[in-house]
Amino acid sequence: GESVGLHLPTLSVQEGDNSIINCAYSNSASDYFIWYKQESGKGPQFIIDIRSNMDKRQGQRVTVLLNKTVKHLSLQIAATQPGDSAVYFCAKGGSQGNLIFGKGTKLSVKP
Amino acid sequence: DTEVTQTPKHLVMGMTNKKSLKCEQHMGHRAMYWYKQKAKKPPELMFVYSYEKLSINESVPSRFSPECPNSSLLNLHLHALQPEDSALYLCASSQDEVQETQYFGPGTRLLVL
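Line order of the protein sequences matches chains A and B.
Numbered per my numbering, the first sequence spans residues 1 to 111.
Numbered per my numbering, the second sequence spans residues 1001 to 1113.
Isolated chain A (complex conformation) (with noise of 0.2 Å):
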């Protein structure tokens, strides 16, 4: 069936670094990728999504990487800041139209 796993379930960075994280999945038939930020008590909130046909996207601070070679999905976080600490969750599209969601990363950023 479809999924999509993570590789790391923490990460803390010290403030200023890049931070990288994860995300693999099976089945490629899907089209679209999204990463969502979600911060405690709040509902995810979207912050850079890819196609297929793309192999990166870049953002304001954040860029997403697409690897179909090896199913391998990463969002890059340039210069971590404090209000980047949350979890954040890799999700695919489905074959219904639906979101497939990893489990999500908790980033951490040292002051």
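In case anyone wonders, no lab produced these hints; they're calculated from the structure.
Some clues are possibly wrong.
To be verified - In silico DSSO-like links for lysine-lysine, alpha-carbon gap of 30 Å or less:
#1 Lys1018/B with Lys42/A
#2 Lys1041/B with Lys103/A
#3 Lys1053/B with Lys1019/B
#4 Lys103/A with Lys68/A
#5 Lys1040/B with Lys56/A
#6 Lys71/A with Lys1022/B
#7 Lys68/A with Lys1040/B
#8 Lys56/A with Lys42/A
#9 Lys1041/B with Lys42/A
#10 Lys1038/B with Lys110/A
#11 Lys68/A with Lys1053/B
#12 Lys1036/B with Lys103/A
#13 Lys1040/B with Lys110/A
#14 Lys106/A with Lys1009/B
#15 Lys1041/B with Lys56/A
#16 Lys1018/B with Lys106/A
#17 Lys1041/B with Lys110/A
Could you slot chain B onto chain A? The hints should help.
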């Protein structure tokens, strides 16, 4: 504007109560979703409405009853819930159902006693 609103923010109910969760979006989106999220877990899909019709029901118990009165509103009616139903209930919407960005509301924190 990418705002999805949900009311109430918090809800405490007994197992014999009937309550409703409400969700609203004014982005012209035609797909709306209900998710359930337990602590330290990812959101789990419950229902999908597409063009005001129920298109996906992820084998959710009948004590949860969704309703889509119009393209901007989505309700979740709750009846005879169990303590294990306590969770964060999230509403989301997207332009349509086909692999588009889903925008989430802040959620309703539900506690069943």
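Quickly compare the C-alpha distance for Lys1018/B and Lys42/A to 30 Å and report which way the hint goes. holds, 25 Å
Does Lys103/A sit within 30 Å of Lys1041/B, going by the straight-line distance between their CA atoms? Holds, at roughly 6 Å.
Assess, step by step, whether the Cα of Lys1041/B is no farther than 30 Å from the Cα of Lys42/A, and give holds or violated. holds, 14 Å
Lys68/A and Lys1053/B were given as a pair; does the straight-line alpha-carbon distance stay at or below 30 Å? Measuring from Cα to Cα gives roughly 34 Å; hence the hint is violated.
Check the hint pairing Lys103/A with Lys68/A against an upper bound of 30 Å on the C-alpha distance. Roughly 20 Å separates the two Cα atoms, so the pair holds.
Given the hint that Lys1040/B pairs with Lys110/A, does the C-alpha gap stay at or below 30 Å? This hinted pair holds, its Cα atoms lying about 21 Å apart.
Lys1040/B and Lys56/A were given as a pair; does the straight-line alpha-carbon distance stay at or below 30 Å? The hint holds at about 29 Å.
Run the distance test for Lys1018/B versus Lys106/A: straight-line Cα separation, threshold 30 Å. violated, 35 Å
Do the alpha carbons of Lys1041/B and Lys56/A lie within 30 Å of each other, as the hint requires? Distance of about 27 Å is within 30 Å: holds.
30 Å Cα cutoff - pair Lys56/A, Lys42/A: Judged against 30 Å, a Cα distance of about 28 Å means the pair holds.
Would you check the hint for Lys1038/B and Lys110/A, treating anything up to 30 Å between C-alpha atoms as holding? Holds, at about 27 Å.
Would you mind confirming whether the straight-line C-alpha gap from Lys68/A to Lys1040/B stays at or under 30 Å? It holds: about 28 Å lies between the C-alpha atoms, which stays within 30 Å.
Taken one by one, the earlier hints fail for this structure at numbers 6, 11 and 16, listed in ascending order.
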